[in-house]
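Enquirer: Letter by letter, the chains look like this.
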Amino acid sequence: MSTVVATPGAKDTKKKSGAGAMTDRSRSEDRLGMKLVAPAVVLMLLVTAWPMLQALYLSMFRYRLTAPDDREFIWFSNYATVLSDGLFWQDMFNTVLIMVVTVAVELVIGFAFAMVMHKVIFARGVIRTSILIPYGIITVVSAFAWQFAFSLNNGFVNSWLPFVEDNFNWFGGHWSAMFAIMVSEIWKTTPFMALLLLAGLSQVSEDMIEAAQVDGATWWQRLWKVILPNMRAAIMVAVLFRALDAYRIFDNIFVMTRGAQETESVSFLTYRQVIEQVQLGLGSALSVLLFLSVLLLAYLIVKLFNVDLAAARGEG
Amino acid sequence: MTARSSRHPRTRQLRRWAAPAGALTLACGILAGCSGDGSGTPELVWYTNPDAGGQAAVAEACSTDDYTITTQVLPQDAGQQRIQLARRLAAGDTGIDLMSLDPPYTAEFADAGYLADIPDDLQQKFSEQGFESAVQSATWEDELVVAPFWSNVQVLWYRKAFVEKAGLDMSQPVTWEQIITAASENDGKIGVQANKYEGYSVWVNALISGAGGQIATGTDAGAEAEITIDSDAGRAAADVIETLADSEAAPDDLSVSNEGTAGATFGSDAGAFLVNWTYIWGNYGDDQLGGDIGFARYPQTVEGEESRPPYGGIGIGVSSSSEHQDLAVGALECLTSPENQALNAELTGNMPSSEAGYAQPAVQELFPAELIALFQESLESAAPRTPSPYWSDISGAIQSIWHPPSSVDEDTPGESSDFIGEVLQGRSLL
Amino acid sequence: MKNKTSIGTWIGFVLIMIWCLLPVVWIISLSFKPVEETAAGSPQFLPKDATLQNYKDILANDDFTRALLNSFGIAMISTVLAVIFATLAAYAIARLEFRGKRFVLSLALAIAMFPVVSLVGPLFDMWRTFGLFNTWPGLIIPYMSFTLPLAIWTLSAFFREIPWEMEQAAQVDGATSWQAFRKVIVPLAAPGVFTAAILTFFFAWNEFVLAISLTSTTASRTVPAQLSYFVGPDPFNPPYGQLATASVVVTVPIIIIVLLFQRKIVAGLTSGAVKG
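Residue numbers (our numbering), protein chains in the order written: chain A, 37 to 352; chain B, 22 to 451; chain C, 614 to 889.
Bear in mind the hints are in silico, worked out from the structure with no lab data behind them.
It cannot be assumed that every hint is accurate.
Under the rule of at most 20 angstroms between Cα atoms (straight-line distance), these lysine to any residue pairs were calculated in the SDA-like manner [stated by the list, open to error]:
(1) C:LYS714 / A:VAL77
(2) A:LYS71 / C:LYS714
(3) A:LYS339 / C:ARG715
(4) A:LYS155 / C:SER619
(5) C:LYS661 / A:ASP202
(6) A:LYS71 / C:LEU694
(7) C:LYS796 / A:LEU68
(8) C:LYS877 / A:VAL156
(9) C:LYS714 / A:ASP66
So that you can see chain A by itself, here it is in the shape it has in the complex (with noise of 0.2 angstroms):
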């Protein structure tokens, strides 16, 4: 299977090190490992690291920049600010909502594309294709499709669905435009999903389902018994990986509803204090919240669902 081409073998093929005293030799792969990292370490600090640490100062003022005069030290105000207010708890759930339900969709359809995709054995090429442009397409350009094609006026969604009236406006209620960014979102990632799941899915032995079929199980009995925990790693990582991005869903919802119908999610309201607002002071108070849930989500992700990310990337 040509999406495994990178991992067969590679156990045999890693070497373990690090048992044994320091030598001449070993001191000096340190020193390469260091210089060898060090460019991208370096890079990848100063883009983020320094920031934050910014986002935490001014965090602690109240501080709009157009009211520089009016700057005031207020200690954690804004973090209490932030955290009493409804407004980000409803954005909170949003964001957690999009990123359920949508990771959960993803899970189911993306599980059926690559069994669909396992089986195939015509047209590989033009499958790949296909599922590769989604995936490569621009987000915002997604988002606009997708809004045209709910809009009341230039979109075809209403009179291809039976059940919907003709004047159906999508973006005028909360669950209907929620539904909208989350099919715009659903659309885009799920062949990601489906690539991640279909690696797992060739790592599947085929002799032992066979032999759970010689045993007599259903398919169903197969899936659930055999392939799925068979594939357990390859799911988990998906799921880290798409939760991630789906908690930071920022593009959809900007260019289709403009966090108009409560759509609103935490990147946005963070969006739209620090940049449209310019309330560097709270904005950067939720800032510093965003990255710190994304750390929580990570952390309890990794934990509760106990994704072995080392064993994942073959880190051993």
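Following the hints, complete the assembly by docking chains B and C onto the known chain A.
Expert: Using the frame of chain A, we list chains B and C on its own:
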């Protein structure tokens, strides 16, 4: 155009890296200085809202032997325009000399010290030249801070056949209630701007002003301004929105409607009434929906009380960080001259901000004489949004509470009053 | 395994094709709708009166073609630089034992999930100070930083597949670690590097938040940001047909890359993330 010829990114980057570090690098930052260092005439960079070429033509007309005016466009969305300018001005960016400002952000920019002073004689000239509403929205703390360039105003557009069927006499001022009743009884729709965006605040402001009220007063006090939206006028405005949203006259896309979608509703078979800016006249091709478009003064919020149509438009300000402040201030006179206001109107349909501009023959030909007269009359009594450095917060808070229109009821003004207060005090997220 | 394709698979195949291509066909169809049609509302899928006018307008729009050039340049340079840095780092991670390895990995992971929005404000101020605002490097540097984790991730997975005996053989022959890296490993690693480059390019081509926040003129504005600068006859709404056309135009390079390199992209996407 000298700057444009050096657009090659590589070249520019090399130059930039070679230039002395820090502020100087910044100074020659964008397109301005780098290309023409030391030689030739200074270049004034004018940041404009995107249009069909009117401002670029005016810039060319006003370029002299002493300076060349070039234009750079801002994003299409007014909010985005404000963000981009504010961030750069706050950082003391010298790459902006002139800028086209939307009225609601003028006070904010002036208060933050982003706008260079306009000398008294010019202030007086511009004040005498412009419509009262244009001058009012260009003024902050008794100083004229931008030069009114073009002025927009909303009027009531109607389908002649429809009002005939409904039996409504459009030669008399009509109220919102009248048109809502007429439209809902005859299966017509009323186009308004009620998406969650600045245009919705424009509508709310016009309704409140039309009932003799104001959203806020004492805005000179900045965040301590007195919020007066919780008043009879506020409730009268809420009543209009509630009535429309609950009626058959509300278009399906009411909660996401803007100028363009409202225009499409009006052009459709169900179209009956529309409140919209001047440009919409040219939106229906030569046919004008078969000559079916009529126009009248903006509807009254309260019967018998003169309506206060929404005011929009553009004023031109000079950046206080500009290195060519004197030249730029001097250029204002040419940029906003009646002739150039007319040139801009001719190319874009954006109407002049002065009687003298309207008097230009080119402008008189743009619209039928009665429509021109209506625009002018409306501009005389138009209600600008309350100038306040915190207008974007006030407006955002209004949108947040008043949207969607179907949620508006008699308690809405009170709620929004409290919320605006909290937002201004930094106690609530917007 | 059965060699016959079952009917279910066929149906699945067709569904996948519809899923992937319908919105693309839709946006293409929109791009052929004339301005008058979209302004008046045209809910039907196909244009009533197809026109090439939008394409003519877009390609005659200097700001748009300029944005295309910016997008290409910025994405290309970010890709090349990010891949060089990532190759060095991934080699070290895959092959060498050194202090701080865990730190690098955690850092890469943290940055891979960093909310870009929370950086916009501070980065704006930094770039003003350094004179990088509204320049190519002003976008290239953050794009590199955000693509490095993915590139390092993908590349280190590829590097583990390389037959390292050859490197060791070279070292026995007297080559230093560095020479062994350059002479033996680089050629072998080239396919992986190529894959990482494509994924990096996609990211830079796609990025929106930084592009709208750190640029102000056509000097550096990229296509996703340029989309909010279109103006048509209605001053309050973007011209939908032109937006769709611009969307089609920027999607063309993606489709070409996908057509040419689909096998490599799939391999790259999956190798980094899944390891049985």
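Enquirer: Does each hint hold? Answer for all of them.
Expert: Each hint tested on the structure:
Between LYS714 of chain C and VAL77 of chain A the CA atoms are separated by roughly 11 angstroms; this keeps the pair inside 20 angstroms, and the hint holds. With a C-alpha separation of about 12 angstroms, the suggested pairing of LYS71 of chain A with LYS714 of chain C holds against the 20 angstroms cut-off. For the hint linking LYS339 of chain A to ARG715 of chain C, the alpha-carbon distance of about 18 angstroms falls within 20 angstroms, and the restraint holds. With a CA separation close to 9 angstroms, the supplied pair LYS155 of chain A and SER619 of chain C stays within the 20 angstroms bound.
Straight-line distance between C-alpha atoms of LYS661 of chain C and ASP202 of chain A comes to about 19 angstroms, which keeps the hinted pair within the 20 angstroms bound. At most 20 angstroms may separate the alpha-carbon atoms for a hinted pair to count; LYS71 of chain A and LEU694 of chain C meet this at roughly 16 angstroms. A threshold of 20 angstroms between alpha carbons decides the hint, and for LYS796 of chain C with LEU68 of chain A the separation of about 16 angstroms falls inside it, so the pair holds. Taking the CA atoms of LYS877 of chain C and VAL156 of chain A, the gap is about 19 angstroms. The hint holds against a cut of 20 angstroms.
Between LYS714 of chain C and ASP66 of chain A, the direct Cα distance comes to roughly 10 angstroms. Compliance with the 20 angstroms bound is thereby established for this hinted pair.
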